[in-house]
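A.B. asks: If you want the building blocks of each chain, they are given just below.
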Amino acid sequence: MLNFSLPKLEIGEAIEWLVRWIIANLSVIFDVIKNILNSITGALNDGLLAIPTIILIIIFALGVWLLTSKTTALLSFTGLVLIWNIGLWPQMISTLVLVVVSVVIALLIGIPTGILMTRSSKLETAMRPVLDFMQTMPPFVYLIPAVMLFGIGVVPGLFATIIFAVPPPVRLTYLGITQVPEDMKEMAVAFGASDRQVLRKVELPLSLPSIMTGVNQCIMLGISMVVIASMIGAGGLGAEVMRAVNRLDLAHGFESGLAIVVLAIVLDRVSRNIGSGKTTPAGRIIEYLKKHRKAKLESRVSQI
Amino acid sequence: MTAKIEAKNLVKIYGNNTGEALELFNQGYSRSEILKQTGLTLGVAGANFEVAEGEIFVLIGLSGSGKSTLLRCINGLLMPTSGSLLVDGNAVEKMGGKELRRLRGERISMVFQHFAILPNRNIIDNVAFGLELRGVEREARWAEASEALDSVGLGDWKNKMPQELSGGMKQRVGLARALVMESDILLMDEPFGALDALIRAEMQEELLTLQREIKKTVVFVTHDLDEALRLGDRIAIMRDGAIEQIGTADEILAEPANEYVEQFLTGIDVSKILDAASISKWPRELVRDSESVSVALHRMKKTDTDYLFVTGQRRKLVGMITRDDLLPLSKKRQTSFKDVIREANTIPGDTIMRDVFPELRHSERALAVVDENGRFLGVITHNTLVESLDERKGGDGIAEL
Ligand SMILES: Nc1ncnc2c1ncn2[C@@H]1O[C@H](COP(=O)(O)OP(=O)(O)OP(=O)(O)O)[C@@H](O)[C@H]1O
Ligand SMILES: [Mg+2]
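Protein sequences appear in the order of chains A and B.
The first sequence: position 192 = 191 (numbering that gives the first Met the number 0), numbered continuously.
The second sequence: position 294 = 293 (numbering that gives the first Met the number 0), numbered continuously.
The shape of chain B in the complex, shown without the other chains (with noise of 0.2 Å):
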């Protein structure tokens, strides 16, 4: 069976003249490469995947990754550069005009972040338009359109103006429009983006349910890792135009491809708003500088470390010490190891969570957090991040998957 929608090297860059752009692309110039020297943008680079019929397929990454660009290039709002994008089976890139009103008036249909709800029209009119582009009867047409808002729970706002519409009944007009359309492909950019949490929450569900029902095929849009994890049958997680892994939601939380997608799925939100001092931990065993390498060895082997940090007066933090430093001291019966102390990695406490990655990338060993005043705080580990972030969720959210 052939998928419902195919990308094959979907490369889509904006702006006219794009040909040396893409020879640069092609010699695997990076995205800002591209930009500085020919000043057009690389919207999506090399896309490649199947989206399978009656799918729910999230694309997610961070603003400007290229989500809406790939999406739009699904219903030929956007021509790919190059490569090829196949709805069942046919080349969305060759067809003509009329073929590609056709696709989008029949086949394909979307909804939009910001809604796109035309104020000089009432609901119903709104929810018809897709219809009356299609030439249908204006009784006909409100009739179904009426079916539609009954089924999102719009039944007594039919003559009503946008207007008078809270932003999760807008998104709920959006909904029906694209719905009554019954086509079998439904192209969302991030429809619940403008929408509070908790409206948000029950509008997935909603999606979800009305998904068991009309099993469409749907192509959902987001930068939010709860609401993809939630809705999607497969996740794909773009960067800079890129796909950087494509999959369920537990082969992806299971088996990140890369660094960037488990800094993706550990960091994405928590980053944002947790600094260092707030995740870091107290390390289970420390040494103060006036203590002996007898001790320093012993608490090593005690915790199965190689390493420790060590603290002078008033925890201020005096840099660390290396089993393979201390051994010879011992060897020598020295107990003092001031003169093996070695400078620590640290980083200040309000050093931001995304900062804090590319640190801990470049060091083998904990990092230290100290204050303002050299104070030591505690530790940062390369496991720390993913403890955050579970205790922060409390256990729901992933765990509910």
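Pulled out of the complex, with its shape left as it was, chain A reads as follows (with noise of 0.2 Å):
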């Protein structure tokens, strides 16, 4: 019998190593990144934490209302209501914070990655597997790195959410803009478009319901992933669960569960609503001081 060992292929060690050699040499770089979205997170939280709590709702629920409708901005104002009621408004605060923070950078890195793959087929061709890798691999690896990087606190949770939360804007804006049809960008191009312009005025807006599909994607990723975050000092409501599950508190724990559905809720219907083409209070509103300038414009016409 043949018996021969294969010598094992060392993947995990040269990421390891990988991983080493950037903080070896870049780690003042890192340093930067960390105190850069240290002190944004830390305003923001700050910021929100020194409205009174009361009126802070009342202008989340008036932004549902403007988003969304009526309905919606009345559950939202009665979840928030609940979760200050539990005592849970600051660990909110600060997991919102987390998340709108790194949906934001994923959405930065995430929309024009989107874009310049459909500009070139060779980044198409490498992005895809790296788009699967990532989002495929069990979030909780991501930890690794981020504290290596990082260390102990909100900025590696940032990190590890971003990693996590990017590849669905990427994919959806991909999707997106190779689905304008072809004869609307040859019109652009037909009536003197540059490529910026057919981009701009053609594929942007008529991709946008996919593009909001993966900013809705990304945010809901962006939360269940903050809760695994608060293992390496995230904190917010993930700490909170965290620690009900270490002390099999079932009441904290639930509490904890209830307040981080409500602001998936919340988040998930307004991202949702915005570019889903349903009129909106906002949309309204909009469309009402449109038409007031275009009546003014055509009297002006008419007077002439």
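Each hint can be trusted.
Derived, one-sided and incomplete: chain B residues facing chain A with beta-carbon distance under 10 Å:
hint, residue
1, Arg71
2, Leu102
3, Arg103
Since the hints were made in silico from the structure, they are not lab data.
C-beta atoms are modelled at their ideal positions from N, C-alpha and C, and glycine is treated no differently.
Each chain sits in its own coordinate frame; assemble them with the hints.
C.D. replies: Structure (structure tokens):
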């Protein structure tokens, strides 16, 4: 019988070596990033907590009303009051800040990447396996390099969340743009549009629903990751859940979980409604202003 | 004076690495041979034409004949593989990106078959789209777009969304969007193709009225012969990427350059609907197989022909006889011609017109049309096609010109 052993491929070690090399040589950069992110999240947190809770809740509800509808706004209001009532308001704010900051960064990376993929088929073929990898790798794994690079705290949580949440906006931006009908693009080119104008005036507006689905998924993944990120000290509602698990405190665990659910529902409804083409109070206001201006313009034209 | 638009030996082959295909084309290989050998489609096969300022130039041809391809070479949406396309004497294929964008944004506007109206913008912003790309201020472009919409009769629809408009209205929007650019060349790719007959006729009328006022240079693609004849100052007939003939409607109708054009003029629409039986005519004379040589010769003389179809019982086609075969019999005072009956060129009555053409071309004499039982239904001569078309038109269409 043949019996020889293949040497083990040192893939994991290679990655570890890479991360260690980065830490050894580029730690300055990571310190800078860390400081910037820390101060941004800190400032947002402090700022939001400085506003009296009830006023902030009303502001949030109003915002939800503008972007969705009355019922969703009422629902959000009730949910937020509930969170306040169970005493998880500061934790909710810190989770919200974490989600918002990581989603914004994920979108700033994801949407341009998706756009670039539509321009270069090489990049597209290269990105495909990377995205698959990012989406199927268990999210806990991201915590390890995050901690190695940034230590314990909010910033590694952000880092892991961003990596986890970035694939949907990339994919859906790419998908949306590639689905824009060829004749619309041709029309724009025939009217003298540059590549940039085709992108801005045709491709992006027409793929907005798809891109917004990507944004929505990004937010949802962000929220789920924030809970996991609490394991490395990101704080917020996730940390409350972890504490409850460690103490087998069902009541507290349920309450913290409920708060996360409320936050998730509010963010989901709002992000889902933007770009879905449904009329919203904000949309109606904009429409009204536009009409008003057009009417004024027309009367001026007819006077001439 | 130089022509407004001029194509010189313009060849367009789709795909990359067109070198080999172009070589084959230059050696005179046909489109299908080039496709077979290289896998590349020859879109335009050496087009030469000039369009004068203020003229409506129509490109017509069957589907796939390269009309759209040729049209898209004019504003550089497609670049010629070889040859040249000049607009106001400047070669489009030599222009850089900036120049091309200026050409498209200021001097040439296009109207599309399927409207290509942006669904996320209301009507006025769709019409103002080109001006927006040009960087015109919002108020100025709305004022101009609004004027253009008035001119196509859509003044009340400015703030509607495209979904709320009918096909005819959408095409007016497309027209307004092109007109507002005030460019002097208008490219129209089957602009009325998606409209029903009535609205189509209306739009054609409007285009002509408009053209009388604005006098643009228009290149108009269609596959409808009536439309081409009605609108075109000059018409180019395309086939397999090549231009078969260019001329005014009268010139083309009076003197088709070749058989293809002739068939195209007579058969284009009719050929899809009519079959051999419906266009066949009863011949002026026939002869029954029981009749005599002298009767047959008499009838030939009377109708000034040298052959007759022979029928048997129940109008079954037996064949045909020619005068050359009968004359010796007549000398021998033989009465029956049964021995000299030849096989006739027949065609089944349900053959569609398009397939009648090649049959007819290969046959010296008229074709006998028979039903599935071999019964004689009539004849198709080389003249029948033209006559049947004239009858169908009932004097409108062509006569109107
Ligand atoms: N982008 C393309 N890539 C490859 N081949 C193409 C492309 N566009 C058109 N063709 C081919 O070129 C030939 C000419 O096409 P074109 O669209 O110019 O025809 P057309 O005369 O406009 O027909 P239709 O009346 O159907 O619009 C066709 O055989 C078509 O299959
Ligand atoms: Mg076409």
